[in-house]
Amino acid sequence: MIRILKLPSWQVLLGAVVTVLAAFFIGNPLVVMVVAIVAVSSIALLDKSEDTDNKEWILSSWGFTKQIMPLLAIGVVIAGFLLGSTHDDVSIPGIIPNEWVAWAVGGNSILSNFLASIVGAFMYFATLTEVPIVQGLLASGMGKGPALALLLAGPSLSLPNMLVIRGVMGTQKTIVYVAIVVVLSTIAGVVFGSL
Amino acid sequence: MELKTELKILLAIVVVFLGIYFLPLESVVFATAIDATLDLSRWYAREHVILCLLPAFLIAGVIAVFVSQGSVIKYFGAKAKRWVAYTVAAVSGTILAVCSCTILPLFSSIHKRGAGLGPAVAFLYSGPAINILAIILTARILGFEMGVARVIGAVVFSVVIGLIMAFIYRKEEKVKAQEQLSFPDVPEKRPLWQTSLHFLPWYLSWYLPIGGDQPKAIQRVFGFIYGNINGILQGYLV
Chain A
1 MIRILKLPSW QVLLGAVVTV LAAFFIGNPL VVMVVAIVAV SSIALLDKSE
51 DTDNKEWILS SWGFTKQIMP LLAIGVVIAG FLLGSTHDDV SIPGIIPNEW
101 VAWAVGGNSI LSNFLASIVG AFMYFATLTE VPIVQGLLAS GMGKGPALAL
151 LLAGPSLSLP NMLVIRGVMG TQKTIVYVAI VVVLSTIAGV VFGSL
Chain B
1001 MELKTELKIL LAIVVVFLGI YFLPLESVVF ATAIDATLDL SRWYAREHVI
1051 LCLLPAFLIA GVIAVFVSQG SVIKYFGAKA KRWVAYTVAA VSGTILAVCS
1101 CTILPLFSSI HKRGAGLGPA VAFLYSGPAI NILAIILTAR ILGFEMGVAR
1151 VIGAVVFSVV IGLIMAFIYR KEEKVKAQEQ LSFPDVPEKR PLWQTSLHFL
1201 PWYLSWYLPI GGDQPKAIQR VFGFIYGNIN GILQGYLV
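Heads up: the protein sequence lines correspond to chains A and B, in order. So the first sequence is residues 1 to 195, counted in my numbering. So the second sequence is residues 1001 to 1238, counted in my numbering.
Next comes chain B alone, as it looks inside the complex (with noise of 0.2 Å):
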């Protein structure tokens, strides 16, 4: 027996013991935090997973699995030109994200695949910083030159952002870059068009019900309508 881990486990018991002795039970702040605490959690079980989080798994699968690493390598690795890269990431970022949880799979995908630090985390944080709906919200409820203030703050800061994860890790990424150098070149089973093409409508349905943030009368008929659309389509694409 190792006495480190051992006494780690012996921490970790004691810690929760000590923790759930003291629980502030009588304290109405407490109580409420623990409201809010099983509030939110329902909240985001039910607006956020099915519908925002359950499609970007899959679309991570698709860039994980279908998208050659060719593909992603020549768009955002280390070769790609830098202006490239970082306006492909910031533009998909745009498209693809609706929520701030679907980006994770995707970013986790893309890095996977060999994707710089750089336009990666570009990528990351223009997903949903540049959001059109809410930077439209932002301008009419919150004043024009708060919006204007917003867009221009999310793009730039996603290309910034990036460049300077990509400068501070330069060395790692150079490293990187000869690794994919020296990578062959696997042909694609199919053009990055049809794979596009083909997962069309799931990115157009994931779309419309918009991450479940809509009222749900509006969400109900988005939902009706993808299912159609969805079915429809792929149907058609026989």
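If we strip away everything but chain A, and leave its shape as in the complex, we get (with noise of 0.2 Å):
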């Protein structure tokens, strides 16, 4: 940081102790993190050279915060309501029962593949969780086409991504995006599952 963007010396390495002595007296990875966010962004900052950059760095990031965070706020929101908390030991279903979804993706027809690509698109996966999550689905019945279009559909989009990709390209491309995605992942389920 030194060398290539130019900051002072005394500066980075006073961010540096100020972040190694978090880690060491408060075990928490977030606040190590934000220690480490806010010792690197003031530097940033504060660097008076004539090459804005650095500046403009910390700058572009919070454009991005400000742009980001409010869709993903609403996203969440929403998600959580109508498909429910699913993550590590917590099951909390949403305004749709978990019956109808289970209904919804048993089997392999063409219907229940596309129900799942739908499901997996506007629901919220975290990596990792939309395995243990597909796993219950297989358990109460989902066929294993529906359980691949979920994987496909999954991870990649959800309500609160959706909005903010509407915001970097707008509603229409956004559509499309989605339906791609939602009719190959039901080409693929559809397949997958009668092999």
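Everything labelled a hint here was simulated from the structure, so no lab data went into it. You may find that some hints are simply not true.
[Said to hold, decoys possible] Partner residues are not named here, just some residues of chain B that face chain A (Cβ under 10 Å, in silico):
(1) Lys1008
(2) Ala1012
(3) Val1014
(4) Gly1019
(5) Phe1022
(6) Leu1025
(7) Phe1030
(8) His1048
(9) Leu1051
(10) Cys1052
(11) Phe1057
(12) Thr1094
(13) Ile1103
(14) Thr1138
In this text, a Cβ means the ideal position worked out from N, Cα and C, and glycines have one as well.
Assemble the dimeric complex from its two separately framed chains, guided by the hints.
What follows is the structure in structure tokens.
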């Protein structure tokens, strides 16, 4: 950071020291991360050299934050309300009953694959959580095909994601993108399910 | 006062009022759904925002500011050879993204910097979809054939989806290509490798907690290591 970004060495060292101290004394990784980010951001923002890149870096990151956080928040709230909250050992249903979901994706019809894609597309899946969820659904009768459809549509898409993507490429392109993902996932599911 | 705007405001007020008036608070299903909403939101705030999103915003900032537009256009732009663009997109999506929300600031950034729609979308899809850990877990828990199907599907999809999007919007992309041809070549302030090297500690340290999805114990250990590595590397680059 010092040589490449031309930041004052004492500041970087101070930031590094503070971060390490935080890591030692407050084991919580969240706090450490926040400390590190605050340190880096302050150093870059205070950079008084004429090359404003460092400041712009932080300001640009702030711009992304402002653009994306509200959309994610709204998306998470809606997704939680409609589809419920499933993570770790928590499984709270949303307004749409679990039985409906299990019924919708059972077997291996085109419809069940399609519905699995849709559920996957809208529901929020954190990395690695989709596997236990699919495991549970398979146990309740979901077919292999719909399972694959869910796995292909799930990780990349969710309602919060769609809102943000819409902010970047516009509503029409977002709809097209989602449609392509859903259709391809459905096809993959149907093919896989009948193998 | 414009009638349309005022009517919209009135409609909004009425809708919100009716919604609250008829809130089915006695319904257990409704109460559970509210519970789910709050639970998901809290989990998201705890597990994803700080470890996942904040570093992603900073990295998106890096792409927006430090990676010259020339580099983005060279690899992802309309002029780039197609197979290069899509390969780079899919691969970097795999390496860079750890959680589906983190890909968003990055996607926004390269899109802003002039990446072609096809490669950008390939990047967007591949990030969360081609996740080595998730695929390994899929193979182990859901069966080998499921894992294989998933990885093939994800890789093929990212390229295919990108290509389809590029094809549908080819006219628009052509216009963008013309504009990009006439961009003056701003000399890079520092070569790309230096920028990558500098931000490598960030990528590494960000990767270690892996989006906060790991069991808490491992998370604490990694957070600890991360804190140290980041600090040491920052000081090391003196």
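Status of the Leu1051(B) interface restraint (C-beta, 10 Å, chain A): It holds, given that the least Cβ distance between Leu1051(B) and chain A is near 6 Å, below 10 Å.
Per-residue hint verdict: His1048(B), partner chain A, C-beta under 10 Å: At about 7 Å, which falls below the 10 Å cut-off, the nearest Cβ of chain A leaves the hint on His1048(B) intact, so it holds.
Chain A contact restraint on Gly1019(B) - CB to CB distance below 10 Å: Interface hint status for Gly1019(B): violated (12 Å vs cutoff 10 Å).
Thr1094(B) as chain A interface residue, shortest Cβ-Cβ below 10 Å: This interface hint is violated because 12 Å lies over the 10 Å limit.
When the least beta-carbon distance from Val1014(B) to chain A is tested against 10 Å, hint result: Since the shortest Cβ distance to chain A is 21 Å, the answer is violated.
Proposed interface contact between Thr1138(B) and chain A, which counts if any beta carbon pair is under 10 Å: 6 Å, holds
Evaluation of the interface hint that places Leu1025(B) against chain A, nearest CB under 10 Å: Not OK, violated: Leu1025(B) not within 10 Å of chain A, min 14 Å.
Status of the hint placing Ala1012(B) at chain A (closest C-beta pair under 10 Å): 15 Å, violated
Status of the Cys1052(B) interface restraint (C-beta, 10 Å, chain A): With a minimum Cβ separation of about 9 Å from chain A (threshold 10 Å), the hint on Cys1052(B) holds.
Minimum beta-carbon distance criterion (10 Å), Phe1057(B) to chain A: 5 Å, holds
Chain A contact restraint on Lys1008(B) - CB to CB distance below 10 Å: At about 19 Å, which exceeds the 10 Å cut-off, the nearest Cβ of chain A leaves the hint on Lys1008(B) violated.
Supplied contact hint for Phe1022(B), tested at 10 Å Cβ to chain A: 14 Å, violated
In summary, the structure is inconsistent with hints 1, 2, 3, 4, 5, 6 and 12 from the numbered list given earlier, while agreeing with the others.
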